[in-house]
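Make the full structure from the sequences, and use the hints.
Line order of the protein sequences matches chains Y and S. If you're matching positions, the first sequence starts at 1 in this note's numbering and goes up one per residue. If you're matching positions, the second sequence starts at 1 in this note's numbering and goes up one per residue.
Calculated directly from the structure, the hints in this document are not laboratory data. One or more of the hints may lead you astray.
Copies of one chain are not kept apart here, so a pair can be met inside one copy or by any two copies together.
[Stated by the list, open to error] Restricting the straight-line Cα-Cα distance to at most 20 Å, the calculated cross-link-like pairs of lysine to aspartate or glutamate (EDC-like) are:
no.	residue 1	residue 2
1	K306	E213
2	K81	E215
3	K306	D223
4	K295	D211
Given the structure is predicted, the values throughout are model-derived calculations rather than measurements.
Number of protein chains: 2
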Amino acid sequence: MVRFVSLALASLAIAGSNAFTPSSLIPQQKQQKVAFTTRLNQAATTSTTAFNLDEYLMSKKGPIESALDASVVSRIPQTDKICESMSYSLMAGGKRIRPVLCIAACEMFGGNQEDAMPTAVALEMIHTMSLIHDDLPAMDDDDLRRGKPTNHVLYGEDVAILAGDALLSTSFEHVARHTPNTIAPEKIVDIIVRLGKCVGAEGLAGGQVMDLECEGRGVEGNDVSLEDLTWIHTHKTAALLVASVACGAILGGASKEDVERCEKFALNIGLAFQVADDILDITASSEDLGKTAGKDLEADKTTYPKLMGLEGAKDEARRLVQEAKEAIVGYGEKADPLLAIADYIIERKN
Amino acid sequence: MVRFVSLALASLAIAGSNAFTPSSLIPQQKQQKVAFTTRLNQAATTSTTAFNLDEYLMSKKGPIESALDASVVSRIPQTDKICESMSYSLMAGGKRIRPVLCIAACEMFGGNQEDAMPTAVALEMIHTMSLIHDDLPAMDDDDLRRGKPTNHVLYGEDVAILAGDALLSTSFEHVARHTPNTIAPEKIVDIIVRLGKCVGAEGLAGGQVMDLECEGRGVEGNDVSLEDLTWIHTHKTAALLVASVACGAILGGASKEDVERCEKFALNIGLAFQVADDILDITASSEDLGKTAGKDLEADKTTYPKLMGLEGAKDEARRLVQEAKEAIVGYGEKADPLLAIADYIIERKN
Numbered sequence: 001m002v003r004f005v006s007l008a009l010a011s012l013a014i015a016g017s018n019a020f021t022p023s024s025l026i027p028q029q030k031q032q033k034v035a036f037t038t039r040l041n042q043a044a045t046t047s048t049t050a051f052n053l054d055e056y057l058m059s060k061k062g063p064i065e066s067a068l069d070a071s072v073v074s075r076i077p078q079t080d081k082i083c084e085s086m087s088y089s090l091m092a093g094g095k096r097i098r099p100v101l102c103i104a105a106c107e108m109f110g111g112n113q114e115d116a117m118p119t120a121v122a123l124e125m126i127h128t129m130s131l132i133h134d135d136l137p138a139m140d141d142d143d144l145r146r147g148k149p150t151n152h153v154l155y156g157e158d159v160a161i162l163a164g165d166a167l168l169s170t171s172f173e174h175v176a177r178h179t180p181n182t183i184a185p186e187k188i189v190d191i192i193v194r195l196g197k198c199v200g201a202e203g204l205a206g207g208q209v210m211d212l213e214c215e216g217r218g219v220e221g222n223d224v225s226l227e228d229l230t231w232i233h234t235h236k237t238a239a240l241l242v243a244s245v246a247c248g249a250i251l252g253g254a255s256k257e258d259v260e261r262c263e264k265f266a267l268n269i270g271l272a273f274q275v276a277d278d279i280l281d282i283t284a285s286s287e288d289l290g291k292t293a294g295k296d297l298e299a300d301k302t303t304y305p306k307l308m309g310l311e312g313a314k315d316e317a318r319r320l321v322q323e324a325k326e327a328i329v330g331y332g333e334k335a336d337p338l339l340a341i342a343d344y345i346i347e348r349k350n
Numbered sequence: 001m002v003r004f005v006s007l008a009l010a011s012l013a014i015a016g017s018n019a020f021t022p023s024s025l026i027p028q029q030k031q032q033k034v035a036f037t038t039r040l041n042q043a044a045t046t047s048t049t050a051f052n053l054d055e056y057l058m059s060k061k062g063p064i065e066s067a068l069d070a071s072v073v074s075r076i077p078q079t080d081k082i083c084e085s086m087s088y089s090l091m092a093g094g095k096r097i098r099p100v101l102c103i104a105a106c107e108m109f110g111g112n113q114e115d116a117m118p119t120a121v122a123l124e125m126i127h128t129m130s131l132i133h134d135d136l137p138a139m140d141d142d143d144l145r146r147g148k149p150t151n152h153v154l155y156g157e158d159v160a161i162l163a164g165d166a167l168l169s170t171s172f173e174h175v176a177r178h179t180p181n182t183i184a185p186e187k188i189v190d191i192i193v194r195l196g197k198c199v200g201a202e203g204l205a206g207g208q209v210m211d212l213e214c215e216g217r218g219v220e221g222n223d224v225s226l227e228d229l230t231w232i233h234t235h236k237t238a239a240l241l242v243a244s245v246a247c248g249a250i251l252g253g254a255s256k257e258d259v260e261r262c263e264k265f266a267l268n269i270g271l272a273f274q275v276a277d278d279i280l281d282i283t284a285s286s287e288d289l290g291k292t293a294g295k296d297l298e299a300d301k302t303t304y305p306k307l308m309g310l311e312g313a314k315d316e317a318r319r320l321v322q323e324a325k326e327a328i329v330g331y332g333e334k335a336d337p338l339l340a341i342a343d344y345i346i347e348r349k350n
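Printed below as a string of structure tokens:
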């Protein structure tokens with residue numbers, strides 16, 4: 001299965017940026033590499049139970065929610081409606097996993113939370129845009145999200161489409177306007193490239209179109225391969241997580257090699273997240289999930305368990321998380337938040 | 001009527017950037033101002049007939065079309081479909097007025113076309129995204145645009161929504177990735193702020209939501225005021241034109257004061273464009289327009305002629321164009337392309 005992650009990395013690398021080139025292809029200073037590998041071997045099997053993830057997430061929750069809340073404020077009566085619609089979905093809760101990943105990666109390299117926060121907010125705006133547009137009748141046609149009416153149910157399809165567009169454009173504006181001026185503008189430009197790419201044809205929009213195409217293919221009886229499935233989730237799910245961790249790392253002062261390690265970490269947890277999702281759809285109760293379980297089976301959707309069997313998928317999720325952790329465990333204690341998030345992905349119940 | 005342009009400028013200024021503050025509010029070096037005003041008075045009444053706009057537009061068409069064509073290319077089979085959908089709408093023709101404005105403004109300050117081209121492409125991507133999403137069944141529900149099937153008719157609503165999203169995110173990526181490295185990254189960051197703002201709550205998405213609200217208000221019998229109408233068009237139409245000219249000016253090396261003059265020019269031609277559109281809906285034949293004439297009257301839509309009378313609206317369009325030209329005529333011959341575009345706006349037949 002290593003093959004598929006390599007394929008995913010290679011396909012992201014084709015996109016014209018070196019961002020996703022596996023670190024093994026990059027010439028490195030040999031001594032530095034040996035030191036990192038030694039630390040890695042020492043730490044790879046170390047348990048991270050000493051680190052309290054719940055406490056960490058709680059400590060980040062307040063600042064993230066405040067920054068999100070302040071990011072969409074209507075300043076004139078004419079924008080009240082669109083801001084209300086944008087804010088409704090942006091403030092609808094959720095784990096804020098992308099902002100947390102961004103801040104944790106920034107702090108891992110000695111950066112501070114304030115430097116990462118505008119990018120963290122932008123990542124959540126992009127994620128929210130994708131949820132609003134996904135829920136539209138022309139897409140997944142969902143009336144409820146996290147137990148609340150979806151944006152278009154409350155504001156109408158037209159406003160929901162526009163609120164998504166506004167969140168997407170505001171995400172770039174927010175990074176460019178609010179990143180502290182202690183951060184070099186070259187870094188901000190780099191972050192804009194990464195954010196733009198992870199939404200576009202080689203990001204979540206492209207992943208979704210390929211997903212739609214594969215659904216059609218399934219109907220026609222042509223099987224969706226494991227390679228297709230991995231491509232879809234690499235772009236639909238993992239690309240935004242890769243951008244979250246990589247942008248955080250860049251803001252924290254990471255080197256090119258550091259950023260590549262972070263990308264490898266994030267790509268693997270992104271894929272593990274999707275494998276775990278597919279497993280939960282089979283094994284969890286609707287009550288635990290907070291949504292109808294068994295939907296994939298009913299829709300005869302191509303999933304990891306369908307292609308690899310349930311046990312095979314569980315092994316794959318564990319392998320992906322292990323590979324993710326190995327990429328960054330050499331950073332020692334500073335990597336604890338990211339390592340704990342990786343574990344959480346396969347341990348979660350919903 | 002000067003009041004309404006001032007209101008529009010003020011409302012754009014509220015948005016948190018100084019970008020739209022009228023230049024009269026900015027302390028200026030007195031001597032410089034006097035020199036500019038003298039040139040302005042000399043030139044304001046000068047005809048621009050010597051300048052051949054058709055020839056100018058033709059000279060820009062090739063490079064712009066090439067740059068647009070190269071901006072969305074599928075590099076892997078998995079992105080063929082989304083890139084085809086993005087490219088279909090991006091390459092569907094049109095006057096390319098936003099790219100031309102951007103390049104003309106850049107050249108007015110001595111910049112070159114290559115510096116402005118990535119931003120020019122981004123502006124057309126943003127414009128195209130807004131057309132794709134506008135045409136959706138949940139919005140204007142149009143099956144045809146420029147005589148060709150709209151994006152969703154050809155690719156389905158889901159792909160059309162995603163292609164719009166991908167064009168919007170790619171626009172920011174394109175500027176950040178392809179602007180020549182002779183341009184200071186601070187300027188690129190400034191351009192990202194302006195592009196983001198002109199699409200968001202205080203840009204075209206916000207203008208469209210307010211337009212939808214006013215349509216509803218009309219039905220309820222509460223009249224839409226001239227102030228509302230001007231707010232809508234300032235944000236729905238003019239904001240992207242303001243960004244086009246301002247970003248071009250910045251890339252060309254314009255000073256803050258220069259950029260403000262350019263913004264005043266673009267805001268006025270943006271509003272004049274809309275007034276002229278409303279007039280053409282009444283006076284032009286369907287054949288000339290290339291679309292059904294008289295649609296506004298039939299829908300009882302609030303328009304400039306409805307609020308000001310046909311002659312009042314014609315006077316207003318002329319006044320706006322005159323005010324636009326006065327803002328930049330002091331730049332002499334270098335302003336000819338922009339001045340000619342301003343004239344074209346009220347002289348056009350469709």
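A quick look at each hint next to the structure:
{"no.": "1", "hint": "K306 x E213", "in the structure": "within (18 Å within a copy, 47 Å between copies)"}
{"no.": "2", "hint": "K81 x E215", "in the structure": "between (36 Å within a copy, 14 Å between copies)"}
{"no.": "3", "hint": "K306 x D223", "in the structure": "within (11 Å within a copy, 59 Å between copies)"}
{"no.": "4", "hint": "K295 x D211", "in the structure": "within (16 Å within a copy, 39 Å between copies)"}
The structure agrees with every numbered hint stated previously.
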